Every structure is written in C-alpha cells, then in structure tokens.
Amino acid sequence: MSLIELKNVNKTYKNGVTALADMSVEINKGEFVFVIGLTASGKSTFIKMLYREEKPTSGTVMVGGLNVGKIRNRKVYKLRRKIGIVFQDFKLLPKLNVYENVAFALECVGMKEKDIRPKVLDALERVGLKDKVRSFPNELSGGEQQRVCIARAIVNEPKLLICDEPTGNLDPETSKEIMNVIESINKDLKTTIIMATHDKDIVNRMKKRVLVIDHGVLTGDYAKGRYKAHESI
Amino acid sequence: MKVFRIIGRSFRDAFKSIGRNFSLSFASIMCTTITLILVAVAIICAANIENVTKKVEDELNIVVYLKKGVTEEQIGNIKSELNVEGNIEKFTFKSKDEWKIEMGDYSDTFGTVLNYLEENPLLDSFIVKVRDIKVLNETAEHIKKISGVDTVKYGEGMVETVIKAFDIVEKVVIVVVVALILVTAFLISNTIRLTIFSRRNEIEIMRLVGASNSFINLPFIIEGFVIGVIGSIIPICITIYGYVILFSQVGGDLFTKMIVLIEPYNFVFYVSLILLAIGSIVGMLGSLKAVRKYLKI
Chain S
1 MSLIELKNVN KTYKNGVTAL ADMSVEINKG EFVFVIGLTA SGKSTFIKML YREEKPTSGT
61 VMVGGLNVGK IRNRKVYKLR RKIGIVFQDF KLLPKLNVYE NVAFALECVG MKEKDIRPKV
121 LDALERVGLK DKVRSFPNEL SGGEQQRVCI ARAIVNEPKL LICDEPTGNL DPETSKEIMN
181 VIESINKDLK TTIIMATHDK DIVNRMKKRV LVIDHGVLTG DYAKGRYKAH ESI
Chain G
1 MKVFRIIGRS FRDAFKSIGR NFSLSFASIM CTTITLILVA VAIICAANIE NVTKKVEDEL
61 NIVVYLKKGV TEEQIGNIKS ELNVEGNIEK FTFKSKDEWK IEMGDYSDTF GTVLNYLEEN
121 PLLDSFIVKV RDIKVLNETA EHIKKISGVD TVKYGEGMVE TVIKAFDIVE KVVIVVVVAL
181 ILVTAFLISN TIRLTIFSRR NEIEIMRLVG ASNSFINLPF IIEGFVIGVI GSIIPICITI
241 YGYVILFSQV GGDLFTKMIV LIEPYNFVFY VSLILLAIGS IVGMLGSLKA VRKYLKI
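So the sequence lines, in the order shown, correspond to chains S and G.
Reminder that position 93 of the first sequence reads as 93 in this note's numbering, one-by-one numbering, no gaps.
Reminder that position 281 of the second sequence reads as 281 in this note's numbering, one-by-one numbering, no gaps.
Among the clues, some could well be false.
Mimicking BS3-like on lysine-lysine, the simulated pairs with C-alpha atoms at most 30 Å apart in a straight line are [stated by the list, open to error]:
(1) S:Lys224 <-> S:Lys159
(2) G:Lys55 <-> S:Lys91
(3) S:Lys187 <-> S:Lys95
(4) G:Lys144 <-> S:Lys70
(5) S:Lys48 <-> G:Lys293
(6) G:Lys289 <-> S:Lys91
(7) S:Lys29 <-> S:Lys224
(8) G:Lys55 <-> S:Lys82
(9) G:Lys144 <-> G:Lys55
(10) G:Lys296 <-> S:Lys75
(11) S:Lys55 <-> G:Lys293
(12) G:Lys296 <-> S:Lys55
(13) G:Lys289 <-> S:Lys75
(14) G:Lys289 <-> S:Lys95
(15) S:Lys228 <-> S:Lys29
(16) S:Lys159 <-> G:Lys144
(17) G:Lys55 <-> S:Lys119
(18) S:Lys70 <-> G:Lys289
Examples of chain S residues lying across from chain G (beta carbon under 7 Å, computed) [what the hints assert, rightly or not]:
(19) Ile85
(20) Phe90
(21) Leu93
(22) Val109
(23) Gly110
The set of hints was computed from the structure by calculation and includes no laboratory data.
Predicted model only: the values in this text are computed from it and were never measured.
Glycine included, every Cβ here is placed at the ideal spot set by N, Cα and C.
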C-alpha cells in the first residue's frame, strides 16, 4: 500500500515561478527514497508539500490517507503528528537542553510528563546522545545537533520521516554517521524515509530508490541501486 | 486531564512572557488602564443621561382639555379616537371634579374660590402618556384635531429639545467608547505581536512537530487576558470610589433637582463588571489577532 501518492501535481508560486509540473509518484510504506536535484529544481517544494508547508496548485497529494492540499490550516497538526521532519538547519530551541528539545515535541501534543520521559530517552539512545541530555544546543557539534533534531522527529513514532538535506551543513564523516542513524531508523522502526540531498556520495553508497527532479519535472525514478551519480547533483 | 495540563502550561508561559517583556507589558497595561478610565467615565455619563431622560419621559404627559359641556357620547368618541392613535402608551380620563379636588388639595385659596362658584369652571380632561417622546409634537397636533378637544398642553419645546440633545450626547458617547475600545485592542495586539516576534521560532517548531493551533494560541490569549485584567484594576477602583464619593458630595442631585444621579450601589459593580469584561475580552481578541499571523506556517 502506498503511503504517499502524488497525482498530476502542479505548483506555481504567486510570482509566476513554476516549481513542479505534472508530477505523479507513489512511495510505499517502509521505503527509503532519495530526492535529488539542483538548487531551485523543485525538490524543496516537493518535500514541503509532503508536510503541507506548501499546497499544490492543482492535483492531489495524499500522505497516509490524508489529502494534504485539502487540509485546513487549523487541522494541519493532524498530518504533522504522523510525520517527523529533520531540517538542514536543525531548528532546535536554543534555551532548552537536549532532553527538553526532544520532549517539546511530545509536550506539544499534550502528553503526560511520566509518559514523555521514557520515550525521549529511547529516542536519544537511538541517535546515540544519551550522555548529553543536559547539554544545550550551543554546546553541541553540528552532527550532534542534527542527532537531536532526528531524535525529536522520531520521538512521536511517526510513519514517515522527512529529511530536508539533513547533511547539508555537515562534513563527510559526520554525514556518514547521520546516515547510519537514519538508515537504522528505516530498518529497525520500519519508518518510511524521504530524504532530499545534494550529496552524490551518500546517494551512490546507500543504493536506495532515487527520484530525480529537474526544473520541476520528475525526470527519473530509479529503483534500488540503479542510480549512479557521476557529476555533482 | 490533558486539557488541564495544557491550560496549566499556558498560564505558566503567559506569566513568564509578561515578566520577560515587562516594559512592554507595562505599557499595554497602562494603555488599557487609561482607555478603561475613559470608558468608565463614558459609561457612567451615558447611564446617568439615560436615567434622567427616562425620568423626564416618565413625567412628561400631554393633558388634553375637553370643550366645556361635552356629552358622555363625545367623551366616548374621543376615547376611541385616542385608542387608534399609534403613539399613545396609555391615557386616563380625569373629570373636572377630580381636578377640583386636586386643586383644592394643592392650595386652600383655590379650594375656597372654587367652592364659592356654583358651577365648576374647570374642564374635563384626558392625561395622555406617549410612547415616543421625539414625535410628541405631532401626536399633540393630531389630538388637537379631534372634535370636542379644546386645548392640548404639554411641555412645549424646552423638554423635547433637552431630550433630543441628550439623545445626541448618548450617541456620541457610544461612538467614543467604541473608538477607545478599538484603540486598546490595537495596542494590546501590538504588544503581544512583539512578544510573539521573539518567540516565532518556537511557534514555527510547535507547528512543525504537530501542536494544534489552540495549543499555540492559548498562552498568548491568556497573556492578553491577564494584561486586560490587570489594566482594569485601577479603572474599577476609580469607578467604585470615585462615583460613591461624587454621589455623596452632591447628595444625589447634580445642579438641579431634575438631574438625579443613579444610586451608587450595585450600579458601580455593574460598571466594574463591564470594565473587567471589556478589558479581558479586548486583551484576548488583540492577542488572538496578533498570533494569527504566525499560524500560517
């Protein structure tokens, strides 16, 4: 069964720029998919549409049975509780420590303090940050901050993890570690993962399904391991 | 349980935010205070004007004197004519004998003089109470045309002018109050907007991790509510003490016996409640308006 289904999706911004043109794609539960493309290719628009930061101009975007384009602003949280999002710039709250940053996601959905604790510690253990629970974001390295961000994204046990260039700000070595974490989440928790990236090494090494977007058009949909990037992407 | 947890957290956040942005919160509170004082004055004026107008209106009757020697039949006719007239609330017949007794009671001289006369020189009459005082004039003209009516007496000119003037004053006061309330809402909304601005990252993340809008709104709405409530404390004190003192100083009448102030007790509490309601509702609406903008991510 497909978790994500896009049908003839178009997106034109108010300034007239067409970001996506007639895009149709299906992604199944438990898949690990890379989305690659140059800057301004429409890759980000595609990603943002999945968690309804953007709405399609026409066509339908279904995520986990919800028609994303039709969700009213007040009901967006119903979609977002089903998905976790990892950002390139981490988006951590600077005044909260690691534990609090992760717990924040659960507080926001109104969970009890005593239920929050084990879940947060679980998530932090999975990303390998259990010994840093009391640190503040500015005391952490970029890789560690990204781990906190991942922990926050998975603490709610989402069906879908969206990663918007999670390694964009990290060096190759740290990127590798982060990718290991993300892959283990895909394997162990059966979480569907959609990851936008620029990093051809990661894509080549991981051998996953790859979607190539160019100028708003889906130019390639390669099955596992079929894609080989030669130039910079 | 979940609801209580969320509300508890919201209150904590609201007070934290007021404390953190104290100078701004203070400015909003002062602004609310000043507005509400003006609103209080306006409400008290309006209520008193309304009160006086009502009193004057209650006492204002048209006295319809009938021609000398009207028959019972004619009186009946006039009665049915008055029944048809739209602007009449009620009317009562007052015979010349009743007048005679009343005048005798009023002054002994009158009574004696009237008793000397063989025939009662007074006229039969109807006391008419009108519904709408503003068209008193026309109603009186209508009544005058009924056959058998001699003269029509009412507080010609003066009273109506006063009442019309009161009416205008009341309308002006309402406009001023509404304008003041809008200004306050705008200012509170601006203050909250600034406190929100410093927390917009937090709001963005809340939205992205699946917090519902009401969960995000609540602390800010409570903040607006608290600002409104604190801002209404001083106006309420001024209303209660100020009005009670004013009332006892002037002894209930302002300038003349005609302008009677409303009794202070209960009245001041009603006004206080209104002020509290305005303060808190305006505070909440102001902050709701401010936070809206950030909920579109």
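Hint check:
no., hint, result
1, S:Lys224 <-> S:Lys159, "holds, 21 Å"
2, G:Lys55 <-> S:Lys91, "violated, 67 Å"
3, S:Lys187 <-> S:Lys95, "violated, 33 Å"
4, G:Lys144 <-> S:Lys70, "violated, 71 Å"
5, S:Lys48 <-> G:Lys293, "holds, 19 Å"
6, G:Lys289 <-> S:Lys91, "holds, 26 Å"
7, S:Lys29 <-> S:Lys224, "holds, 15 Å"
8, G:Lys55 <-> S:Lys82, "violated, 67 Å"
9, G:Lys144 <-> G:Lys55, "holds, 26 Å"
10, G:Lys296 <-> S:Lys75, "holds, 11 Å"
11, S:Lys55 <-> G:Lys293, "holds, 18 Å"
12, G:Lys296 <-> S:Lys55, "holds, 12 Å"
13, G:Lys289 <-> S:Lys75, "holds, 19 Å"
14, G:Lys289 <-> S:Lys95, "holds, 27 Å"
15, S:Lys228 <-> S:Lys29, "holds, 24 Å"
16, S:Lys159 <-> G:Lys144, "violated, 88 Å"
17, G:Lys55 <-> S:Lys119, "violated, 71 Å"
18, S:Lys70 <-> G:Lys289, "holds, 24 Å"
19, Ile85, "holds, 6 Å"
20, Phe90, "violated, 10 Å"
21, Leu93, "holds, 6 Å"
22, Val109, "holds, 6 Å"
23, Gly110, "holds, 4 Å"
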